[in-house]
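Visitor: Chain residues, written in single-letter form:
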Amino acid sequence: MTGKKELKKKGSLLSGFAAFFSSLKLTIFLLITLALVSIIGTVIPQNMLRNDYLKVYKESTYTTLKAVGFLDMYHSWWFVLILTLLTVNLIACSWKHFPRTWRFFSHPTRLLDRTLEKASPLNWRRSWNVMPDDPAAMAPRLESVWPGSWQWSEHVGEDGPEIHYVSEKGRWSRLGVYFVHLSVLVIFAGGIIGSLFGIKGFVNIPEGEKVGTFYTYGDQRIPIALGFSVECRSFKVEFYESGGPKEYSSDLVIFDGEKPVKEKIIEVNHPISYQGFTFYQSSYGAYGGFVDLELNFRETGLVLPLKLEVGRPLRLPENWGWIEVLKFEENYRRMGPAVMVLRDPGKGVKPYQFWVFLRFPKFGEENRKTAEFCVFKNIKQRYYTGLQVNKDPGVWVVWIDCIMMILGLYIAFFMSHRRLWLRLSLNPDKPKRLQLVLVGNANKNQPSFELEFKALAEKIKAWD
Amino acid sequence: MNTYIFSIVTFVYLAAMVVYVAYLAFRKPLVARLATVITLAGFLAQTVAIGLRWYESYELGIGHAPMSNLYESLVFFSWTIIMLYLYIEYKYKLSILGAFVMPFAFLGMAYASISPSVNETIQPLVPALQSNWLISHVVTCFLGYAAFAVSCGVSFTYILKKRYEDHQGTRGLLATFPTSQVLDDLAYKAIAIGFPMLTIGIVTGAAWANYAWGTYWSWDPKETWSLITWFIYAAFLHARITRGWRGVKAATLSIIGFVAVLFTYLGVNLLLSGLHSYGGS
Numbered sequence: 001m002t003g004k005k006e007l008k009k010k011g012s013l014l015s016g017f018a019a020f021f022s023s024l025k026l027t028i029f030l031l032i033t034l035a036l037v038s039i040i041g042t043v044i045p046q047n048m049l050r051n052d053y054l055k056v057y058k059e060s061t062y063t064t065l066k067a068v069g070f071l072d073m074y075h076s077w078w079f080v081l082i083l084t085l086l087t088v089n090l091i092a093c094s095w096k097h098f099p100r101t102w103r104f105f106s107h108p109t110r111l112l113d114r115t116l117e118k119a120s121p122l123n124w125r126r127s128w129n130v131m132p133d134d135p136a137a138m139a140p141r142l143e144s145v146w147p148g149s150w151q152w153s154e155h156v157g158e159d160g161p162e163i164h165y166v167s168e169k170g171r172w173s174r175l176g177v178y179f180v181h182l183s184v185l186v187i188f189a190g191g192i193i194g195s196l197f198g199i200k201g202f203v204n205i206p207e208g209e210k211v212g213t214f215y216t217y218g219d220q221r222i223p224i225a226l227g228f229s230v231e232c233r234s235f236k237v238e239f240y241e242s243g244g245p246k247e248y249s250s251d252l253v254i255f256d257g258e259k260p261v262k263e264k265i266i267e268v269n270h271p272i273s274y275q276g277f278t279f280y281q282s283s284y285g286a287y288g289g290f291v292d293l294e295l296n297f298r299e300t301g302l303v304l305p306l307k308l309e310v311g312r313p314l315r316l317p318e319n320w321g322w323i324e325v326l327k328f329e330e331n332y333r334r335m336g337p338a339v340m341v342l343r344d345p346g347k348g349v350k351p352y353q354f355w356v357f358l359r360f361p362k363f364g365e366e367n368r369k370t371a372e373f374c375v376f377k378n379i380k381q382r383y384y385t386g387l388q389v390n391k392d393p394g395v396w397v398v399w400i401d402c403i404m405m406i407l408g409l410y411i412a413f414f415m416s417h418r419r420l421w422l423r424l425s426l427n428p429d430k431p432k433r434l435q436l437v438l439v440g441n442a443n444k445n446q447p448s449f450e451l452e453f454k455a456l457a458e459k460i461k462a463w464d
Numbered sequence: 465m466n467t468y469i470f471s472i473v474t475f476v477y478l479a480a481m482v483v484y485v486a487y488l489a490f491r492k493p494l495v496a497r498l499a500t501v502i503t504l505a506g507f508l509a510q511t512v513a514i515g516l517r518w519y520e521s522y523e524l525g526i527g528h529a530p531m532s533n534l535y536e537s538l539v540f541f542s543w544t545i546i547m548l549y550l551y552i553e554y555k556y557k558l559s560i561l562g563a564f565v566m567p568f569a570f571l572g573m574a575y576a577s578i579s580p581s582v583n584e585t586i587q588p589l590v591p592a593l594q595s596n597w598l599i600s601h602v603v604t605c606f607l608g609y610a611a612f613a614v615s616c617g618v619s620f621t622y623i624l625k626k627r628y629e630d631h632q633g634t635r636g637l638l639a640t641f642p643t644s645q646v647l648d649d650l651a652y653k654a655i656a657i658g659f660p661m662l663t664i665g666i667v668t669g670a671a672w673a674n675y676a677w678g679t680y681w682s683w684d685p686k687e688t689w690s691l692i693t694w695f696i697y698a699a700f701l702h703a704r705i706t707r708g709w710r711g712v713k714a715a716t717l718s719i720i721g722f723v724a725v726l727f728t729y730l731g732v733n734l735l736l737s738g739l740h741s742y743g744g745s
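The listed protein sequences correspond, in order, to chains A and B. Just so we're aligned, residue 1 is where the first sequence starts under the numbering used here, counting upward by one. Just so we're aligned, residue 465 is where the second sequence starts under the numbering used here, counting upward by one.
Some hints could be false.
[To be verified] Stretches of chain A that chain B covers, calculated by requiring three or more beta carbons in the stretch to come under 8 Å of a beta carbon on chain B:
#1 21–32
#2 42–54
#3 294–303
#4 352–361
#5 400–408
Source of the hints: derived by calculation from the structure; they are not laboratory data. Even for Gly, the Cβ is constructed at its ideal location relative to N, Cα and C.
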C-alpha cells in the first residue's frame, strides 16, 4: 500500500521535474537572468593582472570580487551553471515538443473531415457538375493551378462516396526551430572543445631572430613549445600624417627543423597558420637599434658625434662621464621620433634624463640649461613584432554551426508549412451535383497565404 | 560637402517627423502623403551624401566605406531606420507608424550633426579596421538595430493601444491607431528581421575578430552587450508564445531590448572601454 503511494509520489516528482525543465517560462527566466548577470563582466574589467586590479580596488574588495568569481565571471561556476540549465531546458523542450512536430511527417492529415473544415478560417466551397471517373485524373488539373504534388484517397462519407485531395509545401520548415536550438547546443560544444583543447598566448620576436616557444597570458606566463620555429625576417610600419599607424607587417618564415617550410608577410587581418597554430599580427615595439647623437659643449663649442646602441651605456673619453639612450619612441607626444637620454656628466653633477627630438633639434638646445646639449641626428631602428598565437580545434565546429543557426533562423522566421485540402462529395441537397470544398492552412505568415488561397479559389471557380 | 547635406537632412527628417505627428492628429491622407514625400526626399539626399562621403574619402587617399567612426555610424544608423521604415510603410500601408519611428532617425542625425563631441571629419582607418569584414559586419548589425528601433516604436504604440482597448475607449487619438493585434504582429515582424540580422552581425563580428586577433569571442564589453541584446530578444520570441507572457509583457521586453541595443551601440563606446572605441572620437 505504502509502496504504491511512494511510487506515485516519485512519479509525480519526476514528472514535476520534467514539467519544470521543459517549460518556456524557465527559458524566459534563464534568458533574462543571463542578460542581467552578463552586465557584471562589462562593468568590472575581466581577467586583468592582480596588480592592475589593486590600482583600482582595495585589497579586501579585490579578494571579495575574486572569491565570488566577478573577475572571471564568464567562466565562474554560477555562470556555467546557468548555461547548463539553459542547455537542459533546451533539450527538455525539444524532447517534449518534437513528437508533436514529427506527427506532421509520420501522420500527415490526409482527410478533410468536418472538424478540420470548421476549424479552418480559410475555406471555400462551390457546387460543381463534373464527377471524375478516375480520381487520379484530377491531380494534373489541380497541379496546373497549385504547383506541388497532390495525393488523393477515396472514402465513404455521411452522404455517399467522397474523394479527398491533399497537397503540402514546406513541411520541413517546421524543423527550422529545432535547427536553431540544436545549433545553440553545438556552439556550446565548440566553445568547450576550444577551451579544453585550445591554447592562446603571445610571443615577441625581434627582427632577425627565431623562436620555438610562446607564452600564455595571465599572472604566470608559461612557455609553450611550438614544435617548430618562427623567424621574423623584417618588420615594417607606416604612419598616417596624423601620426596613427597605417599599416604594420612582419615577414615571417616558419622552419621545421632547419628547413624553411612556409613564408608570409603577415599584417593585421592577415594571419599565418601552421600545424594548427595561427599567428596574428597584434603589436610591435622598438627593440634596440643604433642612434646617432651629437653632444655639444656650450663652453668650448666642441661637438662630439656619438653612435649609441639603445639600452647600452657608453663611457665618454676624457673625464666627460657616461651617456645612454634609454628608449626610443616612434611618435613621442605627437612630435615624431624621439629618444630618451640618460646623462651622467660626473664631476659631482647629478645624473639627469631628457627627451630629444629628431624633427626639432633646437628643442634640446633651448630648453636645457645645462653645460651641454644633445642633438638627435639619426636612428637605425630595430623592431620586435608582437604576435598573438592561437590554436583552437573547436573553431570549425563553431563556424559551421553559425551557418546552421542563420539558415535555421531564416527557415524558422520566413518559411511556412502550407497545406491545402480539397474534398469532392455528392451534394446532399441536390444529389446529382457535386460539392467541392477547399481548405487551406499555413503555420506562419497567414495573410500572404490567404492571398494565394484566394487566387487558387478564383482559378477553381473558373472550372467547368 | 557631405556634412553640409547631412545637416540639411537632419532638418528634413525633423520636418517629416512633425508632419507624421500632424497626420496622427488629423488623419488626412494628404498629410501622410506629404510626410512620405518629405521622408523620401531626405532619404535620397542622405543616400547621395553617403556616396559622396565615400568618394571623398578616396579623394583624400584614405578610401573606406563611411562606417568607421561615431559620426558615420550615426548617419548610417538613421539611414537604415528610414530605409526599413519606408519599406514597412509601403508594404503594410501604416503611415501612422512614422510618428513613432521618425524620432529615432531624427535624433540619430541630430546627435551626429550637433554634438561637439562627435568628430565629423573623414578619418583614416586603423589597421584592425582595414578589412572586408567591416562592411558586412556593420551593415548587418545596423539593419538589426534599425529593425529593433521600428519594433520599439511599434511596441510602445502597442502598449498605449492595448491599455486603451482594455478600458474600452472609443474616442480620441488612440481610436485611430491600428488594433493591438496588428501592432503586436508588426512588432514581431520587425524583430523577425532584426533577430537574424543581429545574429549575422554577431557571427560576422566573431569571424572578423578571429581573423584579426585569433579569438572569436573574448567577452569584450561590446560583444557581451550584443549578446545581452540577443538574450533579451530571444526572451521576447519565447515570451510571445508563452501564456502569461504574451501581450504587454512581451512588448515591454521589446522596448527593453531596444534600450540594450542603444547601450550596445552607444553606451559601451561612451561609458565602457574595449575594442570598439570608434578611434577615440
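Visitor: If a hint holds in the structure, say so; if it does not, say that too.
Guide: Taking the hints in turn, this is what the structure says about them:
1. 21–32: It holds: at least three residues are needed, and the region 21–32 of chain A offers 6 whose Cβ sits within less than 8 Å of chain B.
2. 42–54: Satisfied; 4 residues make the cut.
3. 294–303: n = 0 at 8 Å, threshold three: violated.
4. 352–361: violated (count 0)
5. 400–408: Check passed, 3 qualifying residues.
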